[in-house]
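Student: Full structure from sequences and hints, please.
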Amino acid sequence: MMASLKESLAGPGFVILNAIRVLNIIALLDIIAACAVMLVKISLLSSFLFFQAASHVMTAGVSLILIISELPFFRGYFDHNWPLLGQDSGFITLALAMLILGVCILGDLNTEATSQESLGTSFWQIVLSAGILAMVMSAINLVASFVFADSSSGVTARHVRVYGAVAPQKVVKRTDSQRSFQLCMKREDTLPKYSTESTPRRQSAMPRFPLKINGLVNTDDAASSKYSRDSSGVAIPDLAHHPAMHIKSLLIFFAPIILPRIVNFYRSTRVALASRPAPRALPQDASRALNVLFFAIIFFLLLSLPFNPHAPSPNIFTLTRSRLNTPTDVVFNRLARYRPENTLTDADTLLRSKFTSLGARKVYLRFGPETLTGCQFCSLDNINTYLLYYLPFHTLLPHLFHMVIVGLVTSAPFAGREAAGWRNKFTMAGIALATLDAYIVFTYDPVQSASAAVRAGISPPSSLYHQITLLRPLAFAIFDGICSFLIYVTATHRFFFTPPSQAEQVDQLVGSSLSALSGATAKLHAVNVARNAVVRDKVLKDRDDAYWRAVVAMNADTTKADGGGLSTNIWEEEEVVRAMSRAMAGEGGVDLAKLGVSAAEYVNGVTADLDNDAEPHEKS
Numbered sequence: 001m002m003a004s005l006k007e008s009l010a011g012p013g014f015v016i017l018n019a020i021r022v023l024n025i026i027a028l029l030d031i032i033a034a035c036a037v038m039l040v041k042i043s044l045l046s047s048f049l050f051f052q053a054a055s056h057v058m059t060a061g062v063s064l065i066l067i068i069s070e071l072p073f074f075r076g077y078f079d080h081n082w083p084l085l086g087q088d089s090g091f092i093t094l095a096l097a098m099l100i101l102g103v104c105i106l107g108d109l110n111t112e113a114t115s116q117e118s119l120g121t122s123f124w125q126i127v128l129s130a131g132i133l134a135m136v137m138s139a140i141n142l143v144a145s146f147v148f149a150d151s152s153s154g155v156t157a158r159h160v161r162v163y164g165a166v167a168p169q170k171v172v173k174r175t176d177s178q179r180s181f182q183l184c185m186k187r188e189d190t191l192p193k194y195s196t197e198s199t200p201r202r203q204s205a206m207p208r209f210p211l212k213i214n215g216l217v218n219t220d221d222a223a224s225s226k227y228s229r230d231s232s233g234v235a236i237p238d239l240a241h242h243p244a245m246h247i248k249s250l251l252i253f254f255a256p257i258i259l260p261r262i263v264n265f266y267r268s269t270r271v272a273l274a275s276r277p278a279p280r281a282l283p284q285d286a287s288r289a290l291n292v293l294f295f296a297i298i299f300f301l302l303l304s305l306p307f308n309p310h311a312p313s314p315n316i317f318t319l320t321r322s323r324l325n326t327p328t329d330v331v332f333n334r335l336a337r338y339r340p341e342n343t344l345t346d347a348d349t350l351l352r353s354k355f356t357s358l359g360a361r362k363v364y365l366r367f368g369p370e371t372l373t374g375c376q377f378c379s380l381d382n383i384n385t386y387l388l389y390y391l392p393f394h395t396l397l398p399h400l401f402h403m404v405i406v407g408l409v410t411s412a413p414f415a416g417r418e419a420a421g422w423r424n425k426f427t428m429a430g431i432a433l434a435t436l437d438a439y440i441v442f443t444y445d446p447v448q449s450a451s452a453a454v455r456a457g458i459s460p461p462s463s464l465y466h467q468i469t470l471l472r473p474l475a476f477a478i479f480d481g482i483c484s485f486l487i488y489v490t491a492t493h494r495f496f497f498t499p500p501s502q503a504e505q506v507d508q509l510v511g512s513s514l515s516a517l518s519g520a521t522a523k524l525h526a527v528n529v530a531r532n533a534v535v536r537d538k539v540l541k542d543r544d545d546a547y548w549r550a551v552v553a554m555n556a557d558t559t560k561a562d563g564g565g566l567s568t569n570i571w572e573e574e575e576v577v578r579a580m581s582r583a584m585a586g587e588g589g590v591d592l593a594k595l596g597v598s599a600a601e602y603v604n605g606v607t608a609d610l611d612n613d614a615e616p617h618e619k620s
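Going by the UniProt record's numbering, the residue at position 467 of the sequence shown is 467; the numbering climbs one at a time, nothing skipped.
Derived from the structure by calculation, the hints contain no laboratory data.
Glycine residues also receive a C-beta, built at the ideal position from the N, C-alpha and C atoms.
Heads up, a few of these hints could be off.
[To be verified] Estimated spans, in silico, between C-beta atoms of each pair:
(1) Pro327 <-> Ile262: 33 to 41 Å
(2) Thr121 <-> Ile262: 40 to 48 Å
(3) Ile458 <-> Ile478: 31 to 39 Å
(4) Gly154 <-> Leu358: 27 to 35 Å
(5) Gly481 <-> Thr356: 39 to 47 Å
(6) Leu49 <-> Ala19: 50 to 58 Å
(7) His525 <-> Ala546: 23 to 31 Å
(8) Lys541 <-> Asn291: 53 to 61 Å
(9) Thr121 <-> Val143: 28 to 36 Å
(10) Phe254 <-> Gly481: 29 to 37 Å
(11) Leu49 <-> Arg423: 35 to 43 Å
(12) Ile26 <-> Leu397: 56 to 64 Å
(13) Leu358 <-> Pro413: 53 to 61 Å
Tutor: Here it is, written out as structure tokens:
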């Protein structure tokens, strides 16, 4: 039914696919126009001007190649040299190329030189339409490549676009003609012909005893003609579908896309290094996180050592140099030599009772001796029961403990803002590590995953349980070491510096303002407490009153009772007057103009709110 449905779509597909071809050419021409616009408007102040211009030129060149592949010309050239764009391939490569081109075109709008203000509205709309149209046509080509193709008959969407409803017949005839042509070329008289005539010299040279010569081989045998020494030529295989040709096509298409991304990453890295602030000392919060990671690394490194107290027991096959098919009695007799007094322990005896089949040995190599001997509900008929027993405590629990450490060292209250910025990335990496560990445990088979020597019973098998139990803490230590390095370089502003956002700046400003207000409030409260203490104490109150009476006496203009005496104001004393005269004349390094401006600014700042509060009262 599906084949008949696709055959019925072949007729309308001829019209639809040719209409899509026209839209593809329009979209690719729009990309070329967008590249030309961005090439003209490129920033001339950048040190990577050449690479940015080359990326636009190469993008336009790729679009031009795609346009030529869409035209009904050079079909043989594309079939032989560009098979991914040939008749035997669909539109998947074209769709992926247009998708990448569209994404890159829209990504180029993120720079200041290609902004709407720099390009202008008209040119900016050209670039925007090129990216959007390329992505839309990419989706259309991808859908059309599957809808109008019939893999059972070898018909692709390009065949339907060329031949229409007769595409299945055309493809079959074309294949049959190529096959018959190749067979005709291979049917040659390749074996040598034996002649009954011989020259006298040859007869004299030949020994005179009977020789048994096989009969002539059928000259129509394709195998004989193929491997004949007298063949007129060597059959050269068709290299159009060689993997190297596919890689070449992918490199030619994707290199112009990947190269600008690499250059942009290099530029952004240089800008980040140039614009970063001066390195600072390690903050206290980040120091706490690094201390936790340091102890975690030491702990995991100790667990990864094979001689630590909690290390797994050695693999008995490796210890006794036994093979997978070695009899159980032989294995444990050899094992007894490594035990005290050449006697097996209770655990060895229990393990020996479980070593009854090859399946039990696989469970031992995969999950360890504890799982094989300690699981009460497990059965060798269902290996997944051992997996359910082993996975929670031996795989998931260590990763859960490790994720708790990662969560602690990336917590903002504990480790600071810089370490908290890595929280999502570290969490995803930890989950990926746990997934990889679980995948290895799920898919490992001690026999199928082993080498040919182990399967043949020549070499001892290795134990996944023993290896992964030691490698898991080592992986945790390496993971935590990388986390420590990233947190250190981020917290000290040596790398990965990100300026605080607007919300963070507002929070910092509010926090500093609140701390300043708290300090001022504390000082005012201290002044109030000191004033109350002075007023309540009689001795301090008398001293305070005497001080203020002396101040008033110095500033008061008192004269003698008869009105003819000298003034007692301190400002009118001779020494004070001379000092003020020198200060007014600029002597002594006193800038009266600057001092007056500062005093005016201080008064205005203090009384600004008072003036604003007074205006509404006057209006009312």
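Student: Taking the CB of Ile458 and the CB of Ile478, does the distance hold inside 31 to 39 Å?
Tutor: Since the Cβ atoms of Ile458 and Ile478 sit about 34 Å apart, the hinted range of 31 to 39 Å holds.
Student: Does the Cβ pair Pro327, Ile262 satisfy 33 to 41 Å?
Tutor: Check failed, 60 Å falls outside 33 to 41 Å.
Student: At the C-beta level, are Leu358 and Pro413 separated by a distance inside 53 to 61 Å?
Tutor: With a Cβ separation near 55 Å, Leu358 and Pro413 satisfy 53 to 61 Å, so the hint holds.
Student: Evaluate the given range 29 to 37 Å for the C-beta pair formed by Phe254 and Gly481.
Tutor: holds, 34 Å
Student: Just to be sure I understand the hint, the distance between the Cβ atoms of Leu49 and Ala19 should be within 50 to 58 Å; is that true here?
Tutor: violated, 40 Å
Student: Verify the CB-CB distance for His525 and Ala546 against the hinted window 23 to 31 Å.
Tutor: Hint holds: Cβ distance 27 Å, inside 23 to 31 Å.
Student: Go ahead and decide if the range 27 to 35 Å is satisfied by the Cβ distance of Gly154 to Leu358.
Tutor: violated, 46 Å
Student: Can you let me know if the beta-carbon spacing of Gly481 and Thr356 is within 39 to 47 Å?
Tutor: Given a distance of about 44 Å, which is inside 39 to 47 Å, the answer is holds.
Student: Using the beta carbons of Lys541 and Asn291, state whether their distance is inside 53 to 61 Å or not.
Tutor: holds, 56 Å
Student: Does the Cβ-Cβ separation between Thr121 and Ile262 fall within 40 to 48 Å?
Tutor: violated, 32 Å
Student: Just tell me: holds or violated, for the beta carbon distance of Thr121 and Val143 against 28 to 36 Å?
Tutor: holds, 33 Å
Student: Verify the CB-CB distance for Leu49 and Arg423 against the hinted window 35 to 43 Å.
Tutor: holds, 39 Å
Hint check: violations occur at hints 1, 2, 4 and 6; the rest are consistent with the structure.
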